[in-house]
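S.K.: Residue numbers (the working numbering), protein chains in the order written: chain A, 588 to 1069; chain B, 19 to 334; chain C, 20 to 239.
Incorrect hints may appear among the rest.
Claimed, not checked - One side of the interface only, derived from the structure: several residues of chain A facing chain C at Cβ under 8 Å:
| hint | residue |
| --- | --- |
| 1 | Leu729 |
| 2 | Leu779 |
| 3 | Val795 |
| 4 | Ile1037 |
Treat the hints as calculated values from the structure; they're not laboratory data. We put the CB at the ideal spot given by N, CA and C, even for glycine.
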Amino acid sequence: MEILLLLGAPFAGGIVLAFWGHRRFAPELNAGMSLLTFAAAAVLTARIIADGPILAWNENFFVDPFNVFLVALTAFVAFTTSLFSRPYMRIEAHTGRLTPNRMRLYHSMFQMFTFTMLLALLTNNVGILWVAMEAATLTTVLLVSLYRTPASLEAAWKYFILCSVGIAQALFGTILLYFAAEKLLGAGGTALLWTHLNEVKGELEPTVLGLAFVFLLVGYGTKIGLAPLHNWLPDAHAEGPTPISAVLSGLLLNVALYAVVRAKVLVEGALGTHLAGNLMMGFGLLSVVVAAFLLSRQKDMKRLFAYSSIEHMGLMTFAFGMGGALATFAGLLHMTVHSLTKSAIFFAVGHAAQKSGTQIMADIRGLIESNPTIGWGLMLGAMAILGMPPFGVFASEFMLLTAAMHQQPWATPFLLAALGVAFAAIFGKVQPMVFGTATANRLPHPPALIPVFVHLAIVLLLGLYIPPYLADWYRQAAALIG
Amino acid sequence: MKQASGIVFQVLQSVLVVLIAPLVLGWVNQCRAWLQNRSGPGIWQPYKVLNKLFHKDAVLAHNASPLFRSTPYILFGCMWLAVGIVPVLATSLPFAPAADVIALVGLFALARVFASLAGMDIGTSFGTLGARREMMIGFLAEPAMLMTLFTASLISQSTSLVTIVETLAHREFVIYPSMAFAAVAFLMVLLAENARIPIDNPATHLELTMIHEAMILEYSARHLALIEWAASLKLTAYITIGIAIFVPWGIAQAGDWVALLVALGVLVAKLALAGAGLALLETVSAKMRIFRAPEFLGTAFLLATLGMLIHFLLEQ
Amino acid sequence: MNLPLYAQLINLFAALLLLLAFAMLTQRRILSLIRLFALQGFVLMLSTGVVAYSTHQSHLYYSVLLTLVLKVLLLPWILHRLIDALNVRWDVETLIDIPATMLIGIVLVIFAFNLAAPISEIAGTITRSTLGIATASILLSFLMMITRRKAVSQVIGFLAMENGLFFAATSATYGMPLVVELGIALDVLVGTFIFGVFFFHIRETFESLDIHHLEKLKEH
């Protein structure tokens, strides 16, 4: 029942906003639909915590602790982003950067995007998961090029082509998976259901699954932003409107990683070797190092934080690749806190860009002086993402490094070095932006900064104290992942 | 008895193909004329041309070398040999063991070398131009031709043309995709090697667009006659090789006179169809720029290689 | 070796598909590319039809219908309208010249055959030998996307890749479940629409559809 509401609300919202997305009340409607979605997610979560995993709709939907917390996170961040997008898009419309038609496109695609992500998370069918991931790309492509500048067109084109080609590889991997599954489970829809696959994973053909995993990792890894397939990410995040950067960074990357982890569970069961884990660790580590070293060369705010997203997704991939209770717990916690922190940062960055009229960091100074909330939001967000205690990112990174030192000691120096380089780069660039004399002007609408501080507060809370039910939840999810 | 009838068959076949080669060329030209809505010179025209040329006096340049004078005879000899050993009417002839596809390619290469050298012999620029272009086409066409023949020989496990014919003619009808690819590639090589459109226009008078014609500009009278005859023999040879590999049904066994007559009829029909098809192809295509010729031949090579790969994948 | 007739037909169609993939690689006229793409869809449809008939898998007939409507009729029609509106006819020279492209193509084909060989052995379908060809056509479409300069040809390469994937699915597993196939078809259709919209935007901003203009964003 909640699933119906959870999927129906954004879908209906998408259709409704396609017609009314340019009206004055459109942003409120957008926020309202997202609130409804979040409420449904909360109810579903409560049910899972109480009753355990459920299968619904003729086994087509499967909700277990792993994906329900992602569902809740997605709905929550979508809701807060919709709150942020209210004044943000109003300011954009005010300054003339967006026409009414584009507002309609934006609002309806925002809801549709939420729909596709939730569909990807909730479905039990690996094929539908693929369809939803591709659909998620499709809904956001036109949004990245919303401003119609040459740079944004280029960014959207790269995004479209690279992600589509990548996801075609993932389709091939899915076909191979189906091929292996068909032998055991028979032809027809049930062979693609993850729950069934999970039961028979020990008997699936190893060579085929190994090959399938490579394709799935390359395919979905393009969407996660793993190096060397990350080319589209900085451009797409930098050129699109900020709410889209926030949801792309905060949510879509998570969902893609979720898909990879589900695949990894199957493959590890079938292969018995650590091929899947090793591949994930390799790509993850490469992403962390590449991103960290490219951070210092960035001049654009959003690109800076986009590379930071690549780095953190690399960390998460590495964590899930390592496996084991501690590393997986760290990965799950990191997914949560990164999502919240990164979206908070993008909110602050978005308003900062609007105030200063530019995204180039060298041209922005003294945010604290001109607008303390934006300035402090950015400062705290940056510190949080860099892993300063007592924020939650510190906790997850600490756990990750501990697990690494136990299981993969050779990787630890790389991780530490990369984290250090990233710290220096980001901190070095954020500091002059926030302090110093102000160069910014007033905004026509008051900025929405409650979402920023709500997110940061949650991250702080998670850093200091993880509520027992949440810890339990993570542990259950970690146990499922193995 | 078998020996004697075999020799008779062999001689018969060799003489026959030499005599009908100009007819094949005449037929192709006549079909082209009909397709282009002209009345055409008649299918016996090449014989009339040969007759006229043989009755003329040969004119040679001062600096013509012995090579220049002997090349027409060498060309004619090579082509006659090539056509003579291709099993068009009957298999298991005495010369049959010599009918190896690689040997055939070698024969054509020999002819090409002599033609190019003769073209350069006098020292005129057009001759050299023609010779160099001919070599370029040849160097690209030969690998394609070899690949095509390899594909065909993979199926019958032998490069002897006779074995190929026997294997393919006496099997039940199977669709071999690799042979389909090889056939298209062979057709493209045929067009290139015989100076047909779209590589070269056999009727062109513009020296700058000539390839084959440019090499033989200096020849006259009986030398020219022999070279023209050799060209028609080459075309016939290619067509008959194509027929032998790709549509081998109807070829007789040696010693069987009834089957020989049937084979003769079938051969005539096949040649007529092939000639008409060639004319059609030439009419609907335009001549390519010479820079596109490598692409054309590259495509032929590609198709032949693909045929071979597909054979390994699908037909093992 | 003697295969039954339908297996021979499927092999023939597979060979045709590979040929079409190469033909698309070497074509310069965009109109011909679209026709080749439609032809590819048609051959795919025939092949699936033969499989459906010979193995009595009636759900494949729906796939045949879907392929016909989408890949043979609808998508080429959309593409035709697009190039009419955008007035593109010819591709500029490709990044590497055509003979070199063909050679790389052959190398990719050999690679694909090797890649698919272990899977073909385990497959239980009658079409298992064609999995290598499906993989090869996917890789060739990928090569086409990389070596092209005009945006429209890149998109056609992408759609050809989807064709190859569909063929791989049919040859290894007698097709994915219908619901998934419908989803994929929907994605492809919506994707093409969005591409279309995109081209207009690109044209508006750059006055041309040359990819060159879309390579300016570099690392700052």
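S.K.: Let me make sure I understand: some of the numbered hints might not hold for this structure. Which ones are they, in numerical order?
M.R.: 4
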